[in-house]
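Those protein sequence lines, which keep their order, are chains A and B.
Using this note's numbering, you'd call the opening residue of the first sequence number 1 and step up by one each time.
Using this note's numbering, you'd call the opening residue of the second sequence number 433 and step up by one each time.
Simulated from the structure, these hints should not be mistaken for lab results.
Note that the coordinates shown come from a computational prediction; the quantities given were computed from them, not determined experimentally.
Heads up, a few of these hints could be off.
Only pairs whose alpha carbons sit at most 30 Å apart, straight line, appear in this in silico DSS-like list of lysine-lysine [unchecked claim]:
id, chain 1, residue 1, chain 2, residue 2
1, A, Lys227, B, Lys606
2, B, Lys606, B, Lys639
3, A, Lys287, B, Lys556
4, A, Lys366, A, Lys128
5, B, Lys509, A, Lys128
6, B, Lys556, A, Lys128
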Amino acid sequence: MNNAYTGERLKSKSGSSWVADNIVTLIFIAFTIFGFVVSDGVTMNFFLTELSSRFFRNAFLVLSLIIPVVAGLGLNFGIVVGAMAGQIAIAIVRYFDMGGVSGMFLTFLIAFPIAAFAGYLTGILYNKTRGQEMIASLIVGYFANGIYQFIFLFAVGVIIKVPADHPMIKPDGVGVRMTVDLVKVEDGGLKYALDKIMEIPFMWAILLVAAAVLLLQVFRYVRNKNKATFIGQKNTTLINSVICLILIGISIHAIVTKSSLMMVRKVPVVIGVFIIALCIFNEKILKTKLGQDFRSVGQSQHIAEVSGINVDRTRIIATIMSTVLAAWGQIMYLQNMGTLNTYGAHTQIGMFSVAALLVGGASTQKANIRHAILGTLLFNSMFIMSPEIGLSLFGNALLGEYFRTFMVYGVIGLALGLHVWRTFVKGKEVIE
Amino acid sequence: MSDNLLSLKNVSKEYSGNRVLKDINIELKKGEILALIGENGAGKSTLMNILFGMPVIHTTGGYEGTIEIEGEKANIKTPHDAMAYGIGMVHQEFMLVPGFTITENIKLNREITKANPVSMILGKRLESLDFEKMNRDARSALDVLDMNIDEFLPVAGLPVGHMQFIEIAREIDKEGIKILVFDEPTAVLAEAEAKNLLIAIKKLSQKGIGIIFISHRLDEIIEVADKVVVLRDGEHVATKPIKETDKFEIAQLMVGRKISIERVDSKNKDTSDESILSIKDLHVSMPGEKVKGVDLEVKKGEIVGIGGLAGQGKLGIANGLMGIYSSRGEVAFNGEKLQLNDAKAAIQSGLAFVSEDRKGVGLLLDESIEGNIVFSAMQTRNDFLIKVGPFGFIDSTKIRQHAKKMIKDLDIRCTSPLQKAGRLSGGNQQKVCVARALTLNPQLLLVSEPTRGIDIGAKKLVLDLLKQLNEEYGMTIVMTSSELAELRSICDRIVIICEGKVAGVLPPDAQDAEFGLMMSGSSHNAEGSEV
Chain A
1 MNNAYTGERL
11 KSKSGSSWVA
21 DNIVTLIFIA
31 FTIFGFVVSD
41 GVTMNFFLTE
51 LSSRFFRNAF
61 LVLSLIIPVV
71 AGLGLNFGIV
81 VGAMAGQIAI
91 AIVRYFDMGG
101 VSGMFLTFLI
111 AFPIAAFAGY
121 LTGILYNKTR
131 GQEMIASLIV
141 GYFANGIYQF
151 IFLFAVGVII
161 KVPADHPMIK
171 PDGVGVRMTV
181 DLVKVEDGGL
191 KYALDKIMEI
201 PFMWAILLVA
211 AAVLLLQVFR
221 YVRNKNKATF
231 IGQKNTTLIN
241 SVICLILIGI
251 SIHAIVTKSS
261 LMMVRKVPVV
271 IGVFIIALCI
281 FNEKILKTKL
291 GQDFRSVGQS
301 QHIAEVSGIN
311 VDRTRIIATI
321 MSTVLAAWGQ
331 IMYLQNMGTL
341 NTYGAHTQIG
351 MFSVAALLVG
361 GASTQKANIR
371 HAILGTLLFN
381 SMFIMSPEIG
391 LSLFGNALLG
401 EYFRTFMVYG
411 VIGLALGLHV
421 WRTFVKGKEV
431 IE
Chain B
433 MSDNLLSLKN
443 VSKEYSGNRV
453 LKDINIELKK
463 GEILALIGEN
473 GAGKSTLMNI
483 LFGMPVIHTT
493 GGYEGTIEIE
503 GEKANIKTPH
513 DAMAYGIGMV
523 HQEFMLVPGF
533 TITENIKLNR
543 EITKANPVSM
553 ILGKRLESLD
563 FEKMNRDARS
573 ALDVLDMNID
583 EFLPVAGLPV
593 GHMQFIEIAR
603 EIDKEGIKIL
613 VFDEPTAVLA
623 EAEAKNLLIA
633 IKKLSQKGIG
643 IIFISHRLDE
653 IIEVADKVVV
663 LRDGEHVATK
673 PIKETDKFEI
683 AQLMVGRKIS
693 IERVDSKNKD
703 TSDESILSIK
713 DLHVSMPGEK
723 VKGVDLEVKK
733 GEIVGIGGLA
743 GQGKLGIANG
753 LMGIYSSRGE
763 VAFNGEKLQL
773 NDAKAAIQSG
783 LAFVSEDRKG
793 VGLLLDESIE
803 GNIVFSAMQT
813 RNDFLIKVGP
823 FGFIDSTKIR
833 QHAKKMIKDL
843 DIRCTSPLQK
853 AGRLSGGNQQ
863 KVCVARALTL
873 NPQLLLVSEP
883 TRGIDIGAKK
893 LVLDLLKQLN
903 EEYGMTIVMT
913 SSELAELRSI
923 CDRIVIICEG
933 KVAGVLPPDA
943 QDAEFGLMMS
953 GSSHNAEGSE
963 V
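With the hints as extra help, turn the sequences into a complete structure.
Encoded structure:
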């Protein structure tokens, strides 16, 4: 047990079956590259514009899935419930014609207790359906959708009296309209309320983020270089730094030469800050007592219980956090969309966010920020590229649409299948 | 006030009317090492569960009697209370989180935190972890045990010996630890590791910690303990200072004479010299019952008993032969090589198995008795089927006839062959299992724990049935059981398994102490001295 042994132990963690562990991610990278090769209509500009706007819309939602995975609850399809809470908050704020930045923060505020309560109930359900949390989360989404529809289609108008001539209410005075315009922020609405606060060109954003990440890497290297635990991470740090340098180079070049990349749509700074803040939050919470409890419970409920951790309560807290974050994520998503698709906006959120997280390389038991960010980028790349591929290969963009669906559910199926297969292989002890 | 650190007074426990502990009195002084010994089911675990306030005790009605710690009555309702009283437990199965580092495991739920701006508003649970301090504490705990392993390594992949020490380090890192319970700490350790552990235990006792040491290894107990408490069938048999006893006596106390099932030696038994089953170097990776190289010869027409303590691998042998757990080795059956890891091949070659897991593997509880009886034969040998082209139709007339015959022959008490197997009593369920095995027309019957969970009257019936099969039909039987008494009542010879290997073969009328010593893996020492 000398230090050589330590180093060996730390190193041997990597390697083994890298391809098998990252198969989903690799498929998506290959698919995106394949899309660029076969379709000639996609310019880099178009791709990046689409990608960045989709990224800023979805990243927050995907990040909200990390805590439940760490706490051993698996993939929380139940963020749909959070999304509904967010939509209820938006509907309330919109109904009273509030808007602007202050209206936006009021929405966040209103969404918080609704989502926290819904998350609490969901958490209790997960504790009762131990071991089947993912199925339960899927079903709880459908069930909550029923309540949501009851409120929006029936309660509004019949139980809660509303004027029939309100623009949000259906002409017969009962129920909320199918689509609700969130009204531009300039006209006192919620549309782009966060986006418009500040926007910077895409390449500037890349430059800033890359520089910040590079600084962080250097800082970590200086602080940890002599620690034995750092041995295994040295290469990663190096690779990250090189990628940052390349990005910095490209963005400076684009800014100086005013190349076509500067034509990519501007990015919303505030949303970006929120996403980064959530990343930091996710990272920091795991370094607290609560986070350590999440991890303990996630690794083994039994051991956590014996050690005196209140397992049930910890799991409920994790669910509440995820649900509240999802509610806020949905609000950010909708202010960017500009319209509230009252009965449809939330339905796919769970599936797509989970798929995105899985694409990033997460599993039902392991998820981190890298998985979420990478996954959001790759998953949305697939979304952008699939109609193009359909068009150029079959002359029909619709085929690409079908392909999307195929990919989303295929990815979830593959990831779950791989997970089960791996546990099976592990469980089946072979005599050496 | 007495100088006793811990005293249990008249502690009893009942599980749904079944008394598993009767009036246990134990006293433990500071710095004393008390060994607790007993066979499986003697009540050791229950006693420790009571001491540790495990939920299983309080959800089943609590216990009777009193526990005093340092002379004062203690009320231990949860593991948390136990910790507060300074009771620590080193578990048999490791309570370590594999994905965590050693430090994180040692400090599990006792993490050192420091305040940060968020925690000042939202409460203590959001305080950041102080890894530096935690590492320092872990280091010093490991140093006490002379472990020079790095505290920031992940636990997954460490040798088991180290995991055991980390468990101990966690306990001694706790403040105010007074009593430390070791639950079979050496069961999973290699010899050298076990030696280290014993040294560490002695060291801890010198620091004034009272130690309860549960083990079945008599040599270790003699070496390390100050006094020994023997439990048998939930009863407190004896408390003896270790100097006044020896392992021979302890072994005898441990095994004792149980409610004996009388052995009637059969008159007309024809055991031939022909070997029917020959096992060479069999390894089976059954979780918790690993077999590590067993050699065994079974002769045609005999009843061979396989005994030993739980977790030593006796159950693994039959399960390995039947292809239920992955196995390796050379097995010849009837002179032909037996294909391992293939349940179908095992059945087709003429082996049949009555599993110890009656409700899990043995029976389809929601299926009728007749369905259960013919199930294996139908699946593996296409019996009871009418073949029409590619389809096989169930031949219900034939099944009914066969089931009725079996029910009559084995005296299965039921309302009809269509009754659900799950509705039967334990003994009758066991008979259905035997009936199913017999339907396969086996040449050799493997029976594991045939009397587990059935009442004493039914036990005798099942054992008589096995004996009858052997005597009247000349069936060779290999019976595995934790209950020595029943092995001794019908077997021709008894193989004792210890630590995955054959510890020895004894005739059924050998002395108690011989069985006890062999099961504890110390017979090789005993043979030299006069027994």
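The hints, checked one at a time:
no.	hint	verdict
1	Lys227(A) to Lys606(B)	holds, 27 Å
2	Lys606(B) to Lys639(B)	holds, 14 Å
3	Lys287(A) to Lys556(B)	holds, 13 Å
4	Lys366(A) to Lys128(A)	holds, 23 Å
5	Lys509(B) to Lys128(A)	holds, 24 Å
6	Lys556(B) to Lys128(A)	holds, 28 Å
The structure is consistent with each of the numbered hints, conforming to all of them.
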